[in-house]
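Q: Residue numbers (our numbering), protein chains in the order written: chain Z, 29 to 534; chain F, 69 to 463.
To be clear, the hints were calculated from the coordinates, so they are not data collected in a lab.
Any given hint could be a false lead.
If we take Cβ atoms under 8 Å as the criterion, some of the chain F residues that face chain Z in the derived model are [claimed, not checked]:
{"no.": "1", "residue": "A206"}
{"no.": "2", "residue": "D239"}
{"no.": "3", "residue": "S244"}
{"no.": "4", "residue": "V246"}
{"no.": "5", "residue": "D247"}
{"no.": "6", "residue": "D248"}
{"no.": "7", "residue": "A307"}
{"no.": "8", "residue": "E308"}
{"no.": "9", "residue": "S311"}
{"no.": "10", "residue": "G314"}
{"no.": "11", "residue": "G322"}
{"no.": "12", "residue": "L346"}
{"no.": "13", "residue": "Y347"}
Since the structure is predicted, the reported quantities are computational estimates derived from the model, not experimental observations.
Glycine is no exception: its CB is placed at the ideal position from the N, C-alpha and C atoms.
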Amino acid sequence: MEFFTGLASVLQPNHLILLVIGVVIGMMFGTIPGLSGITAVALLVPFSYVLGAEAAIIMMIGVYLAASCAGALAAILFNMPGDVMGAATARDGYPLTVNGEAGRAISMSIMASAVGGFIGTVLLVLIAPQFLRIALQFGPPEFFALALLGMTSVASLASGSVLKALIAGTFGLLLATVGLDPVSGAVRFTFGVQQLQGGVDFIPAIIGFFAVAEILHSLYRGTGTGGYSKEDVQKVNRFAFPPMADIKATKYTMLRSAFLGNFVGMLPGAGSTVAAFLGYGTEVQMSKKAEKFGKGEIKGVVAPEAANNAAAAGSMVPLLTLGIPGGAVTAIMLGVLILNGLRPGPLLFRDAPEITYSVFGAMMVASIVVLIVGLLLVRVLLRLLTIPFEIFSTMVLVFAVVGTFAIYNRPVDLWVMFVCGILGFFAKQYEFPIAALILGLVLGTIAETGLVNGANVTRGSWNLFFTRPFTMVTLAVAVLLLLLPIVFAVQRKRKEASEPEVEPVG
Amino acid sequence: MRIRSRTRQFAVVVASVFALVACASDGGAGGDAVAAGGDETEEGEAGGDQTDVLAAIDEIAERVESGELAYDPAAGEDEAIEALREAIPQPDGYPARPVEVLIGFGEGGGSDNYTRNVGRDAERIMGQRLVYNNMPGASGEVALGHMLTQAADGYTIASAITNQVINNALDYQPYSFVDDVEFIIRQQGPTEIYWVAADNEWETFEEMLDYAADNPGQVRVSGSGIGGDDEFRLLALGAEIDSEFGFVPFDGVGGRISALLSGDIDVLHETAGTVMDLYEDGQIRPLAYGGDIVFEDIDPDVPSVAELGYPVPTGRWRGMVAPGGVDQQIVDYLHNVFYAAAQLPAYKEYEVEFLQHVAGGYLSGEEFEEESRRELEEIRQLAEQFGYTAEDLEE
C-alpha cells in the first residue's frame, strides 16, 4: 500500500510538473547525439540542493527514462545513436526511415520504451527483493557467461556476410583491450599515448562510428540523410499513436524484452548497456524470419527499446536496496541522495521509505509521461529530417564534439571519436556491421574481467564456469540461441523440399 | 557545383572541430618544463610564518565551533571566511581567476566526494570558483598526466590518491609522481577494514590468517581495481604468513559488495564509509581494521592489523598536488586554504558521514612528499619481491 502513497506523492502538482520538465529535458538531451542522459542528469545535480531529495530524484527519473527512450530517436532518424542503447535500434530503425516510415518507427519505439519502462516498474514493485537475491548470485563467472550470451547476437547483427560481422565484433573486442588491463594493470596497445591508458570509452566510439561516419559517408555519396518533404511530415498525426497492427504484432516481443531487460538491468555493473543488444539478439534468433531483420523490421526497433527501458527500471533495484549503482546515471543519482543526507542501501527502506516508494511511483508515471510527450514530439522530430544536410551535419558535428568532450573532459576522447569516424566510414563502405563492433567493445571488458576474476573466484576450477546454476543456464541459452537459426533453417529446407510435391496439385 | 560547396562546408566544419580539439588539449601547455626546486630558500623563511598561520586558522576554527563567528556555507561570505582571509597571507595577484581542480575518478566516488567537499569552503576563502573536472581513467593517471602538461601557475591542480605512488613504483608512466608534482596537502588517511559476511565461519582475523597460511591462494579477498593499495596490503600480509591470498579486484564498489554477499569472495577490504549501512543492517561484520587505527564508533573490540603485529605498507590517502614548479608562495597559500576549509563545519560533517574523521591523515606539503617517497620505496621493494613490475607483466 505504501506504493500508492508514493504514487500519490508523485502526482502532486509540483512533483508532476518537475517530472514533465524532466521528461522534456531527457528527450532533448537523449535525441541529440553527443548529449546523453548522463550529461542531463549531471547538469541537474546542483538543482537538487534547492529541490530537496525527493523532488530531485523524481525529476531525475523523468530525465533518465526519457533519455533512455530518446537515445533511439537519432538512431532511427539519422543512424546516429548517442549511446550504446541506440546502437542496436539503429539497425532496423534507420532502414525504416529510409523507406519513408520514420513516423511509424519513432512512434513504435516510443511506445516500446514506455511499455518496457512500465512493465519494468511493475516487476520492480512486485518481485524486486526476490530478483535481487538472484542478481546477487551473479558473480564474475556469470558475467562471463552473460557476455558470451551477448556475443551470440553478433551473427544477428550481420547484414549479409556473417564473416564480416565476426571481423567487426572481434575488432570491437580488440578495441576493448586498449588501456590498462582491468585486473593486473599492465599497459596494453596505447602506443605510448599516456592518455589512452584510460581505454577506449564506448560513447566517443559510438558517436564516431555512427554519427561522424554517417556524415563522412553522406559527403562521399553526395546525398544526405533525411530527404523528407514538408508534406511527408504533415501526413503524420499531431499525436502520433502507432498503428494498432504494429502493437498487436509486437506485443510478445515487448513482454519478452521487458522481462529480459529488467533482469539484466538489475545486475550491478552490467547495467542497461547490454540489455538493448540482448533484447535485439534474442528477438532475431527467436524469429522464424530472421532474414527480415536489418532491413526495417519493426520488431527490431521494439525489442531493444523495451529491453532498454525495462533495464533502466531494473537498475533501481541494486541502487535502492544495496546502495550500489548499475550504471553512470544511477551513480549520479546515488550521489544526489547522499548529498541530501540519504544513504541508499538496506536501511533506506527503514529510514526513508517514502523515497523508495516515490522512486517506484515516479518510474511508473514517468513511463506514461514519456509516452504522451514522446508521441506529441514525433512530428517535431520528423521535421528534423527536412533540414538541409549541410546545416544539419554541421550542427551534429558540433554537438558530437562538445558532447564527447563533456562526458569525461578528456581531450583524447575527441581523437578516439575522429579516428572511429574514419574507421566507421570505411566499415560502411565495405559493409561491416558497426553494431557488431560496438557490441564487441561493450562486452569485451565484461567478458575479460569476468573470465580472469572468475578464475580467481572459483579458485582456478574451470568446471565451475559451467556448473554454477546461472552460468549453466546462461550458457545453455547461448548455445540454444546459436543453434536455433540452424534448426529453423533445416525445418525450412524440409518444408521447401516437401512443398513442390504439393504445389503441382494446387 | 553542389559537391564543391559541400566540400567547402565540410572543410570549414573539420577546421573548426580541430581548432576546438587544439584548444582543449593544448590550453595552457608550455609551462610543463619549468624546473622545480628553485624556491628552497624561500621555503625555509616561510617555515616560521606557516606555523603562525596554521595556529591562527586553528583558532578561527575553534571560534566558529563555539559559535563566536558566524558561519553559513550557503552564503558568499561570512565572519568565519573574512577572518580566514585575513589570517592567510595571499600571494600577489593570485588567484585572479577560477582554479581548475582535476579529479582522476568519476562523479560520486571517494575522490570526487573529497575534492568537492573540501572545495566548498576553499572557494569561498579564495574568493574564486574551483572548477571541478572529472577525468577518470587508469586509476587517476589520465588526470595526473593531463595536469602535468598544464602550466605550473597554480591554476590547474589535482587531487591525488595512493594509486599515484603505486603506479609510480611500477613505472607505468612516462613521468614520476613524486618527482614531478608539487605536494600541496594530504587530508585523508586510510579507513579500510577487513569485512566478512555476517554468516562467515571465521570469528577473528587470526582464524582467517591461519586458514590462509594452510591454504595458499584459497582465501579470496577483494579490493578496488588495479594496482591499488588494497593489493599491496595483501601482498605484505601474505608474505608475513608465508602464504598468499587470492586477490579479486573489482572496479566498482557494487561488484565488490555483491561478490561478498553472494560468497564469491571471502573477505572484502573496503573503506568504512561505503559499507557502513550493510554493517548496521547486520549483513557484514569487521574482522580487523586495516591500518593502525581502531574505530571506536564501530566496534572497539575489533583489533587493528598493526596491533596484531602485521605490516601495513600503505593505505588509501587523498590529497592535493600541483604541477612541479608552481611558486612556493602559491603552494603554501593553497595548503592553508584547503587546511582551513577542512577545519570548517561543512567538511567536518562530511568526514563524520564517511567515517573519515577517525583516520586523520593530515600532512603538510613537505611531510606529504616525504611520506610518499617512503611509500614509494616500500612498494618498490614489495613489487620486486613479488615480481610485480612492468616488465614482468608485459611478458
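Q: Confirm or reject each hint.
A: A quick look at each hint next to the structure:
| no. | hint | result |
| --- | --- | --- |
| 1 | A206 | holds, 4 Å |
| 2 | D239 | violated, 10 Å |
| 3 | S244 | violated, 13 Å |
| 4 | V246 | violated, 17 Å |
| 5 | D247 | violated, 16 Å |
| 6 | D248 | violated, 12 Å |
| 7 | A307 | violated, 19 Å |
| 8 | E308 | violated, 21 Å |
| 9 | S311 | violated, 14 Å |
| 10 | G314 | holds, 5 Å |
| 11 | G322 | holds, 3 Å |
| 12 | L346 | holds, 6 Å |
| 13 | Y347 | violated, 10 Å |
The structure fails to meet hints 2, 3, 4, 5, 6, 7, 8, 9 and 13 from the earlier list, while all remaining hints are met.
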